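Single-letter residue listing:
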Amino acid sequence: VSDVDDFCRATWPALASSLGFYCHDVGVGEEIAQEALARAWARWDAVRELESPEAWVYRVGLNLCRSRFRRSRAEHRALRRLTVPAAVTTATATAIAVRAAVAALPERQRAAVVLRYFADLPVAAVAEALDCAPGTVRSLTSQAIERLRHDFEVDVVSEDAR
Amino acid sequence: MNEITELLRDAAPTPSELDLDRVHREGRRRRQRPRRIAGAAAVVLALVAGVAVIVTRDDGSGRSVSVPPATQPEGSTTVAPTTSTPATTTPPPTSTPAATDDRLSSTSRLGYAGLGPITLGMTLAEASQAAGTPIAHHPPGSCNAEGTAYADAVWPPAAGAPFVVFGVSDDRIVTVRVFDPSVYTLSGIRIGSTEADVLSTYPNAQIGRGIYQNRAVRITDAQGREIVFYEDTYDTPGTVGAIVLATSRAAEEVGGC
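Line by line, the protein sequences are chains R and Z.
Per our numbering, residue -2 is the first one in the first sequence, and the count goes up by one each step.
Per our numbering, residue 2 is the first one in the second sequence, and the count goes up by one each step.
Hint data in this document are derived by calculation from the structure and do not stem from the laboratory.
Predicted model only: the values in this text are computed from it and were never measured.
Careful, some of the hints might be misleading.
Take a look, some chain Z residues computed to stay more than 10 Å from chain R by CB distance [what the hints assert, rightly or not]:
hint: 1; residue: T15
hint: 2; residue: P16
hint: 3; residue: S17
hint: 4; residue: E27
hint: 5; residue: D103
hint: 6; residue: T124
hint: 7; residue: G133
hint: 8; residue: D172
hint: 9; residue: S194
hint: 10; residue: A197
hint: 11; residue: L200
hint: 12; residue: S201
hint: 13; residue: I208
hint: 14; residue: Q224
hint: 15; residue: G239
Partial selection, computed: residues in chain R whose CB lies under 10 Å from chain Z [to be verified]:
hint: 16; residue: R6
hint: 17; residue: T8
hint: 18; residue: G26
hint: 19; residue: V111
hint: 20; residue: D117
The C-beta atom is built at its ideal place from N, Cα and C for all residues, glycine as well.
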């Protein structure tokens, strides 16, 4: 078993779920996570040398998600017909509400809070994935949590304490 | 544990198993791309040098047709359907209308090169001219986070009609997404064809899942272009609900990865 396969296996669950959160669609998240890992696999010699291969693959995933968002509303309307009915979900009401609240966050806040608090990436890796300064990550996560706190009474430990 | 972490973990969508084989497959395809580009460059050089090169046009079924590229513009390529021996024994559906590729119409055919007279890589102006009708932006051009212009163009522009969406990046067509049941592929598959039809027509097709979790049957050519047949799981399960042609995932590369 190669180390790139190990990397893919280890990264997959959190990557696919994070992108599912970010896209508000688990199927899209999985599809994009597969693609992001394939890109890592294809250029593993270079990716493995990066300070954080994980941050790289998250960055690719986020970019792919943004590409999806650009698609026209016309296509969305048409493709909605192809979607598996929502009744198959087994998520609880709270889970659905949390996903909806995360989906309603501004795009960069959403990415920051999911990568930092769900995928548990270090601030530096989130900053690399979002192509911003660590201070910006802290600011984005604070703003996101402020909004979520409103709905879910979330207790938050400051970034400095983590 | 921080409560926000706990909250997110409880709500997280649970992904299915990683398809590592697919990662390998897609990864290998990406590794091979530079060599394919070099091959394409060689063909271009040969054309510039005036060498008579016959480009084989094929939509993945094994049936291929020869098109003399230097004698006509790429956008008005006329497909002669019987110039080579079919590689499969499956005949195209007898009800398939004859292709008329001189103008974009409901009888235009979809292949790896494009749809009828519209080929991947055309500008919108070229595509409109080839189509003989304006192909309109819908919605008007927008920008993604990286500031790269991106827009979709729709044909026909009339609201409510069955339609085709051209994904446009940097003013060039990079994807063709067909929702019009009157449009066939070169081998006779269309919206409403069954998955069995697709698989018998394209024996090398691969079955996977689409971005909306629905089944997706994918065929790919040597240049990495792919045509994906998405299942209509909602209205008529087991049949094709959308057909998407893409150039080496060019549409997804626009994000700058």
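Now the hints, each set against the structure:
no.: 1; hint: T15; result: 7 Å, violated
no.: 2; hint: P16; result: 4 Å, violated
no.: 3; hint: S17; result: 7 Å, violated
no.: 4; hint: E27; result: 3 Å, violated
no.: 5; hint: D103; result: 26 Å, holds
no.: 6; hint: T124; result: 18 Å, holds
no.: 7; hint: G133; result: 22 Å, holds
no.: 8; hint: D172; result: 15 Å, holds
no.: 9; hint: S194; result: 15 Å, holds
no.: 10; hint: A197; result: 18 Å, holds
no.: 11; hint: L200; result: 18 Å, holds
no.: 12; hint: S201; result: 22 Å, holds
no.: 13; hint: I208; result: 15 Å, holds
no.: 14; hint: Q224; result: 17 Å, holds
no.: 15; hint: G239; result: 12 Å, holds
no.: 16; hint: R6; result: 6 Å, holds
no.: 17; hint: T8; result: 9 Å, holds
no.: 18; hint: G26; result: 7 Å, holds
no.: 19; hint: V111; result: 7 Å, holds
no.: 20; hint: D117; result: 7 Å, holds
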